[in-house]
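Chains as they are written, first to last, in my numbering: chain A, 2 to 246; chain B, 5 to 264; chain C, 8 to 533.
For the record, the hints were derived by calculation from the structure and aren't laboratory data. Not one of these hints is a red herring.
If we take Cβ atoms under 7 Å as the criterion, some of the chain B residues that face chain A in the derived model are: (1) Ile40; (2) Ala80; (3) Leu110; (4) Phe165; (5) Arg203; (6) Gly205.
Just so it is clear, the structure is predicted and the values come from calculations on it, not from any experiment. In this text, a Cβ means the ideal position worked out from N, Cα and C, and glycines have one as well.
Spelled out, the chains give:
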Amino acid sequence: MPAQGGISGPAAEARVTGRERVVTRAPSSGRKGTSVHSTIENQGAKPFTRRRGSLRWRVVDIVVAAVIGVAAGLIFWVWNLTYTPLSAPLEALLPGAQSLLYGVWLFAGVLGGLIIRKPGAALFTELVAATVSALVGTQWGPLTLVSGLVQGLGAELVFAIFLYANYRVYVAVLAGAGAGLAMGINDSILWYAGTGADFKTIYIVCAVIGGALVAGLLSWVVVRALARTGALSRFAAGREVTARS
Amino acid sequence: MSILTPIRGTARIYTVNPVAKLAAALLLSGFLIVTIDWVSAAVALVLESLLFANAGLDGRAFFRRTAAIWIAAPLAGLTTLLYGVQDGRTYVELWLIHISDGSIVLAIATVLRILAIGLPAVVLFATIDPTDLADGLAQVWHLPSRFVLGALAGLRLISLFLDDWRQLELARRARGLGDTGRVRRFAGQAFALLVLSLRRGSKLATAMEARGFGGSITRTWARESVFGSREWLLVAIGASIGAIALATSIATGAVRFVVG
Amino acid sequence: MPIGTHGEDTAAARDERAAAGLRAENWGWRHAGRSSWALRGLDLVIEPGERVLLLGASGAGKSTLMHAFAGVLGGADEGEEEGELLVGGRRPEETRGRVGLVLQDPDSQIVLARVGDDVAFGCENLGVPRDEIWPRVGKALAEVGLDLALDRPTSALSGGQKQRVALAGVIAMRPDVVLLDEPTANLDPAGVVEVRDAVAGVVRASNATFVVIEHRVDVWLDVVDRVIVLEPGGGVLADGDPATVLRERGEELAAGGVWVPGADPLGGGPARERPVLERAVTHPLLLEAAALAVERVPGTVVADCIDVRVRAGEATAVTGPNGAGKSTLALTLAGLIPRAGGTLVATPELSGVDPADGVPPRPRLLRLGRWRHDVTPAADPARWTSRALLTRIGTVFQDPEHQFVSGSVRGELEVSLRALRLPPEEIAERVADVAGRLRLEELLDANPYTLSGGEKRRLSVASALVARPRILVLDEPTFGQDSRTWAELVRLLGEQLDRGTAVVAVTHDRAFIEALADQVLEVGGS
Numbered sequence: 002m003p004a005q006g007g008i009s010g011p012a013a014e015a016r017v018t019g020r021e022r023v024v025t026r027a028p029s030s031g032r033k034g035t036s037v038h039s040t041i042e043n044q045g046a047k048p049f050t051r052r053r054g055s056l057r058w059r060v061v062d063i064v065v066a067a068v069i070g071v072a073a074g075l076i077f078w079v080w081n082l083t084y085t086p087l088s089a090p091l092e093a094l095l096p097g098a099q100s101l102l103y104g105v106w107l108f109a110g111v112l113g114g115l116i117i118r119k120p121g122a123a124l125f126t127e128l129v130a131a132t133v134s135a136l137v138g139t140q141w142g143p144l145t146l147v148s149g150l151v152q153g154l155g156a157e158l159v160f161a162i163f164l165y166a167n168y169r170v171y172v173a174v175l176a177g178a179g180a181g182l183a184m185g186i187n188d189s190i191l192w193y194a195g196t197g198a199d200f201k202t203i204y205i206v207c208a209v210i211g212g213a214l215v216a217g218l219l220s221w222v223v224v225r226a227l228a229r230t231g232a233l234s235r236f237a238a239g240r241e242v243t244a245r246s
Numbered sequence: 005m006s007i008l009t010p011i012r013g014t015a016r017i018y019t020v021n022p023v024a025k026l027a028a029a030l031l032l033s034g035f036l037i038v039t040i041d042w043v044s045a046a047v048a049l050v051l052e053s054l055l056f057a058n059a060g061l062d063g064r065a066f067f068r069r070t071a072a073i074w075i076a077a078p079l080a081g082l083t084t085l086l087y088g089v090q091d092g093r094t095y096v097e098l099w100l101i102h103i104s105d106g107s108i109v110l111a112i113a114t115v116l117r118i119l120a121i122g123l124p125a126v127v128l129f130a131t132i133d134p135t136d137l138a139d140g141l142a143q144v145w146h147l148p149s150r151f152v153l154g155a156l157a158g159l160r161l162i163s164l165f166l167d168d169w170r171q172l173e174l175a176r177r178a179r180g181l182g183d184t185g186r187v188r189r190f191a192g193q194a195f196a197l198l199v200l201s202l203r204r205g206s207k208l209a210t211a212m213e214a215r216g217f218g219g220s221i222t223r224t225w226a227r228e229s230v231f232g233s234r235e236w237l238l239v240a241i242g243a244s245i246g247a248i249a250l251a252t253s254i255a256t257g258a259v260r261f262v263v264g
Numbered sequence: 008m009p010i011g012t013h014g015e016d017t018a019a020a021r022d023e024r025a026a027a028g029l030r031a032e033n034w035g036w037r038h039a040g041r042s043s044w045a046l047r048g049l050d051l052v053i054e055p056g057e058r059v060l061l062l063g064a065s066g067a068g069k070s071t072l073m074h075a076f077a078g079v080l081g082g083a084d085e086g087e088e089e090g091e092l093l094v095g096g097r098r099p100e101e102t103r104g105r106v107g108l109v110l111q112d113p114d115s116q117i118v119l120a121r122v123g124d125d126v127a128f129g130c131e132n133l134g135v136p137r138d139e140i141w142p143r144v145g146k147a148l149a150e151v152g153l154d155l156a157l158d159r160p161t162s163a164l165s166g167g168q169k170q171r172v173a174l175a176g177v178i179a180m181r182p183d184v185v186l187l188d189e190p191t192a193n194l195d196p197a198g199v200v201e202v203r204d205a206v207a208g209v210v211r212a213s214n215a216t217f218v219v220i221e222h223r224v225d226v227w228l229d230v231v232d233r234v235i236v237l238e239p240g241g242g243v244l245a246d247g248d249p250a251t252v253l254r255e256r257g258e259e260l261a262a263g264g265v266w267v268p269g270a271d272p273l274g275g276g277p278a279r280e281r282p283v284l285e286r287a288v289t290h291p292l293l294l295e296a297a298a299l300a301v302e303r304v305p306g307t308v309v310a311d312c313i314d315v316r317v318r319a320g321e322a323t324a325v326t327g328p329n330g331a332g333k334s335t336l337a338l339t340l341a342g343l344i345p346r347a348g349g350t351l352v353a354t355p356e357l358s359g360v361d362p363a364d365g366v367p368p369r370p371r372l373l374r375l376g377r378w379r380h381d382v383t384p385a386a387d388p389a390r391w392t393s394r395a396l397l398t399r400i401g402t403v404f405q406d407p408e409h410q411f412v413s414g415s416v417r418g419e420l421e422v423s424l425r426a427l428r429l430p431p432e433e434i435a436e437r438v439a440d441v442a443g444r445l446r447l448e449e450l451l452d453a454n455p456y457t458l459s460g461g462e463k464r465r466l467s468v469a470s471a472l473v474a475r476p477r478i479l480v481l482d483e484p485t486f487g488q489d490s491r492t493w494a495e496l497v498r499l500l501g502e503q504l505d506r507g508t509a510v511v512a513v514t515h516d517r518a519f520i521e522a523l524a525d526q527v528l529e530v531g532g533s
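Just need the whole structure built from these sequences, with the hints factored in.
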């Protein structure tokens, strides 16, 4: 249990020098799974760190990814009950634009990817979230699972392109956009197969924008806020933020 | 929460391996997804409804579980009616809205198709116990057990999270934030739920590790997941309904593929 | 007998095996990203088969040590280790499964949905053959005294039963060492006894080594034969047989928050100044319930026929067995959920509104609720706005984290004052006042979630008090608190009572009731 969220020594120092410092640790003797840390000291105005941990999933990675998925699935469920009053006017204004709001359904994957930082994290988290909303009951039945798979893949591919080593804000936004693109295409085939090209185009473009903003940018902000609560202390994603602030 | 509890009873369907139900639902969906015409969807619906009587749900449970689909299908139909592909006579034209013979036909097809895909899946899912599903996924389909069991353990927390959500809601009223700002409150509660879930998840992971989970030993299974003739039969039924529906629509010339 | 890794173990050999000892040699651990060590320079030997109570002030690293022995600290990814830690002569990571660990939170350590499956979970992970798992499960459940169907849903169990299921899951693995990390801290008194007895039974039947961490010493005195007190930051403060350690170190331990038998956390002084009778006469009625029925889910009444009068400056303790609807009653009295039946009337003294005039708008949140019209809206707390509630009835939830709405302690304290639209100067003044009284000044910029358990509790009380409500409703305020936080809380509530605030507390805590309560309301049970 973290007792204090105070400012630790090295972090305070880092702030003074205006340069990121990462506490590097000597790997403990002869144990498997030692992580590789590389510190890049950036001379520019904005310091950044690139850390690449072990890509093997720990138990805590699996369980927390699943639990994020479950919580997200529940949030989707509440959202499903509330979003229609918001999306109806959007749809009336520009048909297809309702997909701007569908970015909410995409945040689980991006959030999972950003927190867990392991190959498959985005896919797994989004899939669990979809399973939960399918179990709790959505109007879309088991095809929620297909949507979850496709949307998770959209985000996953972006994290993979960056070799699971870069989790900065633009990567998060791209991952959200990737998920949005995947959702847009998937929905056009599954649900709006009969609609015209105009509608589909607007729908997909808005899905990408919504995904980038809501699932991408917002998830990134949420991860930072979560880190400040100490809830991510077992993850590199959490320790990076707390070491800095 | 009651909706998460699988319906149980003595009917055959309750004991069929959940992965077979999943496979049957997915296969059936697979056939229906490639087309958007009313014939394939209607044929599938008719065949399915013959089976719903044996699905182990009484009428009340059936409509309670499938209520959402009955609402969603007409809504999606309406979207198609307004923005569907233009064809034949056009009745209304307003910016992007075109109501035409083509869009009317497509709208009907859309409604039937969503019902044909959604209903059997919900009905099959209603009798699935998550633990049995996980056993099946890991033992029959050989998905990685660490992930399957991790997800299963996470799933168990859902009722705790539902309680959390209610408490969070009441707490906001107690703190003077209950009167306005619904979207803001939703966001705040969602964040708080994530914090709570991360805490619970970390503790659960520790508890699981302490019981040897994720170690190097090959795991055994206390419950055996069997995939036998009944399971194959259910999968075959799912596939044949889809195949018959598709074949009928091709034979009658009504078929209209989604792509191409 | 040579002890192999568990890959080589056969289940049969396990049965015969002797308990393993625990050893720490100049051991230390620093969590990743922290600058200070949780523990450092610890030397400790626990012999095979010993039964040990591990004590120490909050933050002394007891849990860290226990997690390390169980091999679940997370390795190099999650922190830095120095020195050596051995279980039966091997590193803990190599012996996982031989060390069983029961944790504090009953809800977070049940893994599966059915009792039998959950107990079997550990055996499955250790590769025990299927035919052998189920006999082990039955035996383990019997040993902890649980007579439950194997397919009983774990979600339907009480806290004490959940902890016993967790214990059964651990002993079904036939471990050489059983570690218990505050196994009863989250339980009511009946649950505490249940779990303690189950552990005592298991200890008698097995030759495994037992180590337990707990703040409440009296619970475990009969079970253990050795007490070790850890020094904050590392090192052993005291070590020996229970009687000697408590005699020599009792005062020190009590000051550190440990519940030492015979020690009064309040130091002998009263929690309140004014005698009960005087208060009852001089202070007016605020809230009155008659034949009240309460429900959480509409249609499912959990308690009814409740009559209670809440008076200014008077403390009401609500007690009763688990599941009797105490929390639901508290939420109803607090105006957070609508009642199911009967009457609940706020006097004009509380509402500040004559029932005849002034009907505040119905709260949005509850618009869908069902309403009875025998009480005017102004007199029914459930129909007040969320804002109106603030200055009338404050609520402190059982889990402080449920009521956090802000990223800093200061923000937490300001939220309700902003909702009341008070001028900035007054907000600042009130925050400073309440932060001072509850020792939160140093923490004003900290994130609420990062506080310690005791600090979170103080903050949750402070954030309700800051709006100066006439009634304060608390749900299990002393649950799981160490004796220091307990005493602080009791003194604070005593002070509030002396100022004329009414207190309604759901509690199982006898000492709390004795220190504060004017009346006790028994809910449910016969």
